[in-house]
Amino acid sequence: MTHCVTLDKEKCKGCTTCIRQCPTEAIRVRRGKATIISERCIDCGRCVLACPHHAKRAVCDPLTLMEQFRYTVALPAPSLYGQFRNLDDIGVVLGGLLEMGFDGVYEVARAAEEMSAHALVKFGIARKGVGYDGAEPVPAVRPLISTACPACVRLICMRFPRLIPHLAPEIAPVELAALAARAEAAKKTGLPPDKIGVFFITPCPAKMTAAHFPLGLSEPVLDGAFSMAELYVKLLPAMKKAAMKDNVFPSVGLAGVGWAVSSGESAVLRNMKTIAIDEIPNVIAVLEDIEDGKLPEVGFVELNACTQGCVGGCLTVENPYVSKMRIQELMKNLPDTLLSRLRYDDPGTPPTRDLPLAYEPADVLDGDMSAAMEKRFRMDALLGRLPGLDCASCGAPSCRALAEDVVRGYAQEADCVFLTRDSMGEGGYLPPPFRHSQK
Amino acid sequence: MSAPEHIIREQYTVDGDDFQAAGGASSAMKKLLRSLGVPPDAIRRAAICMYEGEINMVIHANGGEAEVTFDGGVITMTLRDTGPGIPDPELALREGWSTATDAIRDLGFGAGMGMPNMKRNADEMTINSVINQGTVIVMTIRV
Chain A
1 MTHCVTLDKE KCKGCTTCIR QCPTEAIRVR RGKATIISER CIDCGRCVLA CPHHAKRAVC
61 DPLTLMEQFR YTVALPAPSL YGQFRNLDDI GVVLGGLLEM GFDGVYEVAR AAEEMSAHAL
121 VKFGIARKGV GYDGAEPVPA VRPLISTACP ACVRLICMRF PRLIPHLAPE IAPVELAALA
181 ARAEAAKKTG LPPDKIGVFF ITPCPAKMTA AHFPLGLSEP VLDGAFSMAE LYVKLLPAMK
241 KAAMKDNVFP SVGLAGVGWA VSSGESAVLR NMKTIAIDEI PNVIAVLEDI EDGKLPEVGF
301 VELNACTQGC VGGCLTVENP YVSKMRIQEL MKNLPDTLLS RLRYDDPGTP PTRDLPLAYE
361 PADVLDGDMS AAMEKRFRMD ALLGRLPGLD CASCGAPSCR ALAEDVVRGY AQEADCVFLT
421 RDSMGEGGYL PPPFRHSQK
Chain B
1001 MSAPEHIIRE QYTVDGDDFQ AAGGASSAMK KLLRSLGVPP DAIRRAAICM YEGEINMVIH
1061 ANGGEAEVTF DGGVITMTLR DTGPGIPDPE LALREGWSTA TDAIRDLGFG AGMGMPNMKR
1121 NADEMTINSV INQGTVIVMT IRV
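Line by line, the protein sequences give chains A and B. So the first sequence is numbered by our numbering: it starts at 1 and just counts up by one. So the second sequence is numbered by our numbering: it starts at 1001 and just counts up by one.
Source of the hints: derived by calculation from the structure; they are not laboratory data. Every residue gets a Cβ at the ideal spot worked out from N, C-alpha and C, and that includes glycine. Hints are all accurate, no fakes.
Label pairs and their in silico Cβ distance ranges:
| # | chain 1 | residue 1 | chain 2 | residue 2 | range |
| --- | --- | --- | --- | --- | --- |
| 1 | B | THR1069 | A | ASP346 | 53 to 61 angstroms |
| 2 | A | GLY14 | B | GLN1133 | 53 to 61 angstroms |
| 3 | A | PRO431 | B | GLU1065 | 31 to 39 angstroms |
| 4 | A | LYS9 | B | ALA1103 | 56 to 64 angstroms |
| 5 | B | THR1126 | A | TYR321 | 49 to 57 angstroms |
Take the sequences, apply the hints, and build the full model.
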């Protein structure tokens, strides 16, 4: 499995901050450096935000990649619009991207709005020529789970196999935007599609990884992804120039821009009981509940790995709460194009994934069940002897994780400083947090 | 696959009157079974049985003990409580039949679906109940 979250070994101090923050327990400190267990990483970027030494990085494509193409199109994520103070016209951002050197721009928010329109018709919430018609929507699979966040989709494939059939079958908005942008550019320029470079401006590492290794697609539809934070420095001056010209107009309304924040995707599904969850630990808790059949009333589940949705991605510049406010301010002045689209047009049908999403368990102790049971038995026995302090001094996030690593053969019992100390006899110094009260 | 030498056993305490903690045993059991490579469908059925059992113990019996064992072929869940007992187990298995109080119903529980749900998802289910002494429910799921 390939990830764009990587380690700058020079900067890593071998502290245990990231291993405790990782929601899938995918990091261990080995030989003084944080190492990622590839099968467990979902590219959520939490470690990038957590690292006090900025040693964790999400590596995106270099801007020079654009030079390999005759014509380039930028696909700004809706969350990009929340990064600028006093922005009242999205056209300035789009114009700035053109000033920066892109030949064209296609808003991901526009594709997102098309997905929303399609969902409304598919669920029977709205009809062409009528708009919302007040019907009680009945999705075929309940609850339907959003696939807009690739980190969450990966989490489901890893830990919640029963919920894979609940994932919406359509491709993600950014993928729909890429297909449309390439087709539009090919038509406009007459160039063959492979001479056109289509690049996503991404708020997070998960979408960077998905740009090159899309989930459930046999071929990538993007040519690459640029980090929002990296591009920001160049985009600001370009936007100043674009503001003078004032000649680029946004193609999207409030519904599409709303996808930048948690509950934006589900907000348009009126009459439907929807739930929007942000941050991986919360996502895990709710997926557990859904798996156990505890939430029968929910029709649609929106999931976002990051705080407050995509605005919380680790490649954004602004605080997620501030960007959320800005997105909401922008939405106040945008037209409800979703409604007009439904009134006059038939929303298109977005393509579906061409590969099934497979269960890729990362926590099975052994492929052979009796071997797994034997390992579990040894793991439980060892866990009983570990101090249970979850101090992470061994390089694993918890005593439990160390026990698991030991039976898998990735670590040794002696990695626990307390077991080692005990084996050397009593009397050694014990720091205050680890002293027992009776002693 | 060679015959497993060990029976895996885990025990959980279900706190009474704590709806927030209910589901803890089910969640821990799911993790255990997943780590052993038990097929997802068997895990789902076991989790539903365990969760409904936990909720019942919280609502009716002021909590209790839950135990899960796995021998490589069968998941066995044993739920023990020292609550009021079930006067008529046949009746308790009927959909919609419930002795939950209005306060419990206000919380969204007590619809009389718990026991039938357990029965439906388990391959076998036995109820041993003595009035004013307690209840032992054993559910098995073949993997």
